[in-house]
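Undergrad: Please model the entire structure based on the sequences and the hints provided.
Residue strings, one per chain:
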Amino acid sequence: MDRQAQTTELSRRIFLTTASAALLGAALGGGLAPWSEAAKRHPQRGGTLLFGTRLDIAGLDSHRNTQYHVSHPAAALYTGLTDIDQKGNIVPGIAESWEPNQELTAWVFRLRQGVLFHNGREVDAEAVKLNIIRIKDPAIGTEFHHGAIQSIKTVDILDKYTVRFNLSEPDASLPANLLHYPTNLQAPDAFDSASEHPIGTGPFKFVSWTRWHETRLVRFENYWETDAEGNNLPYLDEIIGKPKKEDSVRLAALRTGQINLVDNIAHIDVERFKKSHGTKFTTWDLHLGGVFVVFNFRQGPFQDQRLRTAAAHAIDRNAIHHSAFYSQGEMLDQPYPRGNPWHLEDSHSLAYDPDKAKALLKAAHAVGTGIDMICFANLVYNRECAQIVQEMWHSVGFKVTLRPLDDVPLRETLKKGDFHGHIGGNSYRFDPDGFFERNLHSQSGYAQSLSGWRNERYDRLVEEAKRTLDPARRKELYTEAWNIVNVELPHFHLHELTMTSAAAKQVQGYQPCVVGPFTHRGGGIRTAYIET
Amino acid sequence: MKGKDTDVLKYTFYRVLQLIPVWLLLSIFVFAIVHALPGDAIDALVPADAASNPATRAALEKELGLDKPIYVQYARWLERIVLHGDFGRSITTRRTIGVEIFKRLPATIYLAVTAVCVSLLIAIPLGTIAAVKRRTAVDYAATATSLVGVSVPEFWLAILCILFFALYLGWLPASEYRSPFDHFGLSLTHLVLPAGSLGVRLAAITTRLTRSSMLDEIRKEYVDTARALGLPERRVIYKYTLRNALIPTVTVAGLQFARLLGGTVVVESIFSWPGVGLTLFEAISGRDYPMIQAAVLILATGFVVMNLLVDLTYRWLNPRIRLG
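Quick mapping for you: the protein sequence lines, in order, are chains A and B.
Okay, so the first sequence: first residue is 0 according to numbering that gives the first Met the number 0, each after it adds one.
Okay, so the second sequence: first residue is 0 according to numbering that gives the first Met the number 0, each after it adds one.
Where hints are given, some of them may not hold.
As the list claims (entries may be wrong) - Straight-line distance between alpha carbons at most 25 angstroms, and here's what the computed PhoX-like set of lysine-lysine pairs gives:
id : chain 1 : residue 1 : chain 2 : residue 2
1  : B       : 61        : A       : 244
2  : A       : 244       : A       : 273
3  : A       : 414       : B       : 61
4  : A       : 135       : B       : 61
Unchecked claim - Cβ-to-Cβ under 10 angstroms is the rule here; a few derived chain A residues that face chain B:
id : residue
5  : 64
6  : 124
7  : 137
8  : 213
9  : 252
10 : 266
11 : 407
It should be emphasised that the hints constitute simulated quantities derived from the structure, not laboratory data.
In this text, all values refer to a predicted model and were calculated from it rather than measured experimentally.
Built from N, CA and C at the ideal position, the CB exists for glycine as well.
TA: Structure representation (C-alpha cells):
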C-alpha cells in the first residue's frame, strides 16, 4: 500500500472510529434514541423565545434564499445530514454515519431511521437525492448552495436509508458541506409550496412569516433529538423572531424585555453593555469569520505586485482592531484565528510598514495612483474598515475613492470587475476547503468574481488538500498555499469578524455555538427554555 | 342648494372618470421607469455562473416573462391586474405580490393616518394661535418650534424617542407593530412613538403653513366686517377665518398622507413596522421588478385618489368654491 493510500486508509479508519465513538458517546449521553421510544416532553421546560435579530430572510424557500443559522430564526426549521456541536465540529445529524471510498470520490451516508419532516413524511434516501437535485438546479440554488455541493455529480440510492454521493473530484470536505447551512433538507412533496409554507426537519415548525416584522415557529413534537434523560427536544414551545435592523433599537428591545435574546450587539455597545448590564444578561463572544482586502487582478493598478505589496504594508491592523472592532476579537492574517484547529502556525504575512509602502510606491513611480475601492454599504464594520484602509492608503500616497454599495450593485460591480480594491468578508467555514477553494481557486466562479487571481501551484496544493482526510497533512498543504497568497496578495486579511450575543437571565439552557449558530447538536435553541 | 348638490355629484363623477386615463398613464410611466432601472433581474436572482449560462437565462426569462417585447410585457401585466387583480409573484420571496402588499397596507394606513392626525392636532392650534398672537412671545415660540421640527431628521428623532420613552422612562414599547384588530389598546401604545416621530415633523411644516394662511385670511375685509358687526372674536377666528384658512392645510395634509403611504421606510425600518415603504425599499434593493412595479402603482393610485378627496373636501370647507 503506497503512502497516500496508507494515509487515506489510516484516515478512513480514524474517521470511522471517531464517528463510531461519537455515535456511542451520544447514545450513552442521550440524543440517539429513536423518536418513537423517547417521545416525552420535559415536564418543566418550555416557554416562548423572543429572538431579536439584525437580519431577516429574503424568502422562505431555503434553497433559493439563505437561512443563516446565526441571524435567521427560520434556520431552526432545518437540520441536515451532518450537524455541528457547540465547538463547531462536524458531528452526525440526520445521517448516523458516513464513509468515503479510498479516493474520496464517493461517500456513503447512512440515515437515521424514523426521522420525519414536519408534514410527517419520513426522511429517506430518495428525499435526500431529490433535495440535492433541487439545490443543484441552476435556476433555484444560490451561489452559496452551489458552491457547497459543487463536487457532487450524482446521487445513488443504495437502500431506503443509504445514499451514495458520487463526486466529480476527491472531496474531503463533503461532510462539512452537508450541514444544514446551507444544505438543508426540505420535504420533497412540499417543494412547490416552499415559498409559502416550508417543511423541514428541524426542531421547530413554520407558522408564519412577515418580512421585517415577525417569524413564528412552534415546537416540532416529533423532532428526533432527545436530551440525556430521554426527553424530546426542543424544550421551547415557540420561537418568535423579531428582526430589528437598528442596533440601538434591538438593544433597547432587549433591555426593556420586549425580546429575550439578541444575535448581535454592535461592537461599539459591547463593553458598555457588559459593564452596565452584565448581571441581568448573559453574553457570549463568538467568532463569525474574517474581514479582508481583495485586490483586483483583472484590471487596474493592483495588477502590479509592487502596488499590492505597498498597499498591504500600509495597513495597520492594530488601528482597525481598535477603531472598527473596539478591541474585540483578534487581528487576523489568515482565515482562522489562534486556537482554531485550522489556524496555520507558519503563515508569514506582511507587517505594517508605511515607510516601506511609500518607498515601493516611489520606486514604481506610482505616487498619487487613483484607487477605486468598494465596500458593503449596509455593514457597519465593513464600511468602517474601508474608511480606515482608505485613510491608510492615502497616507502612503494612493488617492482612494470609496464607493459603498448595496448588495445588488456590489455583486454587479464585482462580476464586472469594475473596482480596484474591495473589503470582503467570509462567514465561518466548517471545513477550510470552503475558504481556500471557494475564495481563491482559479476554477471557482466566486473567486473569479473577487480577485480573479490564478495560480497553478496554489490550485494544486488546495486540490491535494481535498484528497486527504489527514488534518496534519491538510494543514501543511494549506500553509504552503497561504504563504503563496501572502506573497501574491489576492487577499490581505485584516481582522476576525466577531459577534456578541446576549440573552436575558430567564433564558436558560442556551449557549450558542462558538462560531455563531444558535442551533447545534445538543444545545442552542434545542435545549433552551424560559425560566418562569 | 339642490342645484349645488347636483354640481358636486357631477363634479365627483367627472373626476372619477378622469382617474381612468390618469391611471393608465401612470401605469405606463411606472412600468417604463422600473425597466429602465440599472441592474438585471436575472443577475439579482441567480448565481453569476447560472446567469451567464444561456440556457438557464433563457429559461428564467421565459418563466418571468422577460423574453417578450416590452410592450407585450406591459400589456400582459396590465391585463392581469385589471381583469384578475393579479400583480404577479415577487422574484425574491416567490409570494403573491397582491397579498404581500395588501397585508401591509393596513399597518401603513394606520401609521399614516395617525401621524397626520397628530400633526394636525399640533399644527392647527399652534398655527392659529401664532397667527392670532402675531409678533408676540407665543408666535416666536411657535415659529422656533416649527423650525426645529422641520430641521430634525425623522430617524434621529425616532431613536431619541425610543431611548427616552422606552428605555429611560419605560413608558412605551421600543418597537413593533400590533394590529388594532387584535388588541386596540396595545396597538395604540405601539403606535405612539412611530406616529409621533413622523407627526412632529409633519406638524412643523403644517404649523408654518397654517400660520401663514391664517394671517392672509385675518387681513381680509370680511373679518373686519364680522368684527364690526360685533361677533365674538372666538367665533370670527374659529368659525369663519379658520375654515377658509384650512384649505391649504387640508391640501398639504392630504398630500402628506399620500406621501406617507410609501415614504416612511426609515421609521418603518427603525420600529420594525411591516409597512409598504419598507417592502418597496427592499424590493428596490433586491431588483424585485414585479414588486417594485406593483407597489409603486398602488401607492401612486393612492396619491391620485387622495388628491381627488382633497379637492372634494374644499367644497365642504367653502361651499362658495366653484368646482371644475
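Undergrad: All hints are to be evaluated individually against the structure, with a verdict given for each.
TA: Status of the hints after comparison with the structure:
{"no.": "1", "hint": "B:61 with A:244", "in the structure": "violated, 35 angstroms"}
{"no.": "2", "hint": "A:244 with A:273", "in the structure": "holds, 21 angstroms"}
{"no.": "3", "hint": "A:414 with B:61", "in the structure": "holds, 24 angstroms"}
{"no.": "4", "hint": "A:135 with B:61", "in the structure": "holds, 20 angstroms"}
{"no.": "5", "hint": "64", "in the structure": "holds, 7 angstroms"}
{"no.": "6", "hint": "124", "in the structure": "violated, 27 angstroms"}
{"no.": "7", "hint": "137", "in the structure": "holds, 4 angstroms"}
{"no.": "8", "hint": "213", "in the structure": "holds, 8 angstroms"}
{"no.": "9", "hint": "252", "in the structure": "holds, 5 angstroms"}
{"no.": "10", "hint": "266", "in the structure": "violated, 18 angstroms"}
{"no.": "11", "hint": "407", "in the structure": "holds, 5 angstroms"}
Checked against the numbered hints above, the structure violates hints 1, 6 and 10; every other hint is satisfied.
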